[in-house]
Amino acid sequence: MSVYPRIGGKLIRPTMGMMKAASGLFRLHGKVGELLPLERVLCTAFHKEPDRVPVTHFLLGAARRLTGISYERFSRDPEMAADAYIAANEILGGDVLYTVIDLSVEAADFGQEMVYPQYSTAHPEYGNPLIASPGDYERLEVFDPRKSPRMGMGIELGRILSKKAGIRYPVMGFVFGPLGVLAMMRGAQRLFVDCLKYPERVKVALETITEVLVDYVRAQCDTGVDAVMLDTLFGSQSGISRELWVKMEGVYAKRIADEIRRCGALVALHNCGTGPYLDLQLEYMEPLIVSLADVPDDCRDLADTKAKYGERVALAGFIPTDSLCSESPARIMEKAREQIRVMAPGGGFVLAPACEYPPNLDLANALAVVRAAQLYGRYPIK
Amino acid sequence: MDDKRDLLDAIAAAVRRGSEEQAVVLCEKAVDSGMYGREVIREGLCTGMQKAGELYEKHEYFLPELLLASETMRAAIEVVVPSLLPAERAEAGEAVVLGVVAGDVHEIGKNLVAVMLEADGYRVTDLGYDVAPERFIAELDNGGARILALSTMMTTTLPNMRMTVELARALDPRPLILVGGAPLSASVAADMGADGYEDNAARVPALIRRLLP
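For the protein sequence lines, the chains are A and B, in the order given. The numbers in the first sequence follow my numbering, run straight up by one, and end at 1877. The numbers in the second sequence follow my numbering, run straight up by one, and end at 224.
Derived by calculation from the structure, the hints in this document are not laboratory data. Backbone N, C-alpha and C fix where the C-beta goes; we use that ideal spot for every residue, glycine too. Treat the hints with care, as some may be off.
To be verified - Once the Cα atoms are required to be at most 30 Å apart in a straight line, the calculated DSBU-like pairs of lysine-lysine come out as: (1) Lys1526(A) to Lys1749(A); (2) Lys1803(A) to Lys69(B); (3) Lys1692(A) to Lys69(B).
To be verified - So, partial list: chain A residues that the calculated Cβ filter (under 10 Å) puts toward chain B: (4) Met1609; (5) Pro1612; (6) Tyr1621; (7) Gln1684; (8) Leu1686; (9) Asp1689; (10) Lys1692; (11) Asp1792; (12) Pro1815; (13) Ser1821; (14) Cys1850.
Please model the complete structure; the sequences and the hints are all you need to start from.
Written out as structure tokens, the structure is:
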């Protein structure tokens, strides 16, 4: 059971208007008392100042270390993954629960051979791509993600986390964007070239993938997750051009985002590229909240990003991965404090690492991110 | 003279646009006309690749366009290589040993660095991906290269990069060691003992020119 009731088997969710109204009440409550993470995040998503800046440590694979399970168990057993995620929030703090396992979940169920390393993230066997030649794009077939092993696990993880989170934490489902999924089956280098040389063939595969992903987010939403996060990795200057992104992902990602909304869940977005095309992504997916690693391609810095986009969408980020790997917890807290100062006034900001917390890194910097929000993120921001 | 210049310009333009078929036909024409192979490579193919790199730096090209240009250059070089004279073959640029460190298989960045270096006249030994530290060292020993370039895209393999840098330094302090990849920054690179860091493949040749005496 998620927090949402079912009538005749159908999940009943509040409308956007109801959530917006509730966020106003939470804002008032936040002035006199401490909010639950779900309330805090909802306030933020609707651009109201909660009690403090919400925070996520973005522990994915690293969370397994808190419950002492192997990477493979984390990657394949939804109960164990759920326990690890909840332990991460209970031990370190954090206001969001994710259902992200890794970026090859979807590709694996299309038939891509996988590798499950002992101390690293599961990934495709790159030496044996499912799409070995341009002629293979047409070979992909539609299937039911509920009956497939890895996407089935993603759905089950959403169900378990929604039940365990109750009204405390928001649960965010996850889906890798169609072009990212295809890269996992073809190899990014080959795919990029194919997008220019054989665009119509690539689009055949993207159609098939999108049909499955639309069904996948529908199944995730039915578990009671509050939001689903779409990852559009290549929609940035470190990926492909703006024009190519629209043709090769934007139009497909839009269908997935529309389905999430149709199911009554919130649309979130993650893009950890350099110079993300935020304007395009807002146009095509209309997310309520966007997690970024870098400032958008049309912004100079964080302050400019806040000025340009702060009222259109809630933003999450921006603690750089390389800083997490190399700098002290004290320095991370300084960085976080500065980001809070620039981004948090008026609400609409979640403090977070730019991308997944490095799986094997000491957890002190994850704690530093959380502590910074708790110490420096109290509204009104000083 | 004008015909020759026009042909080299056309070859460069074909590489920049990623028109493989056209680049191959034009290179065949250049070779058949008696043009020196090294000249075709340097002033036609490499110039085209460098132009593509410049457009990438200006965000007018992105990874797909740059990769297509590099494929075009490689395909066209195959046409020219058989025509190289013995003296041209002996003309060797500075040697670079390049690869993705152990445990990592992401090689787009590394491949682009390889082609940008080749376009700039370097002699690149590309060891591929998931390369053990010992293989890098052995290749440096065997080939006498003065430059070692390492890449990784994952935080989980950063320790392997550090290990490779430390081993290379311990055995021979002389090689110039460059690193690159998503989880790195100039400070991370310096901290692991590397001499240089670059986040843009097109700028790696310039970085080497700055650092190498």
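Outcome of the hint check:
1. Lys1526(A) to Lys1749(A): violated (37 Å)
2. Lys1803(A) to Lys69(B): Roughly 23 Å separates the two Cα atoms, so the pair holds.
3. Lys1692(A) to Lys69(B): Within the cut-off at roughly 23 Å; holds.
4. Met1609: For Met1609(A), the interface hint is violated, since the closest Cβ of chain B sits about 13 Å away, which is over 10 Å.
5. Pro1612: Since chain B brings a Cβ to about 8 Å from Pro1612(A), closer than 10 Å, the hint holds.
6. Tyr1621: holds (5 Å)
7. Gln1684: Holds, because the Cβ-Cβ distance from Gln1684(A) to chain B comes to roughly 5 Å (cut-off 10 Å).
8. Leu1686: holds (9 Å)
9. Asp1689: holds (9 Å)
10. Lys1692: Holds. Min distance 7 Å.
11. Asp1792: At 8 Å from the nearest chain B Cβ, Asp1792(A) passes the 10 Å test, so the hint holds.
12. Pro1815: holds (7 Å)
13. Ser1821: With a closest approach of 5 Å, the Ser1821(A) hint holds.
14. Cys1850: holds (9 Å)
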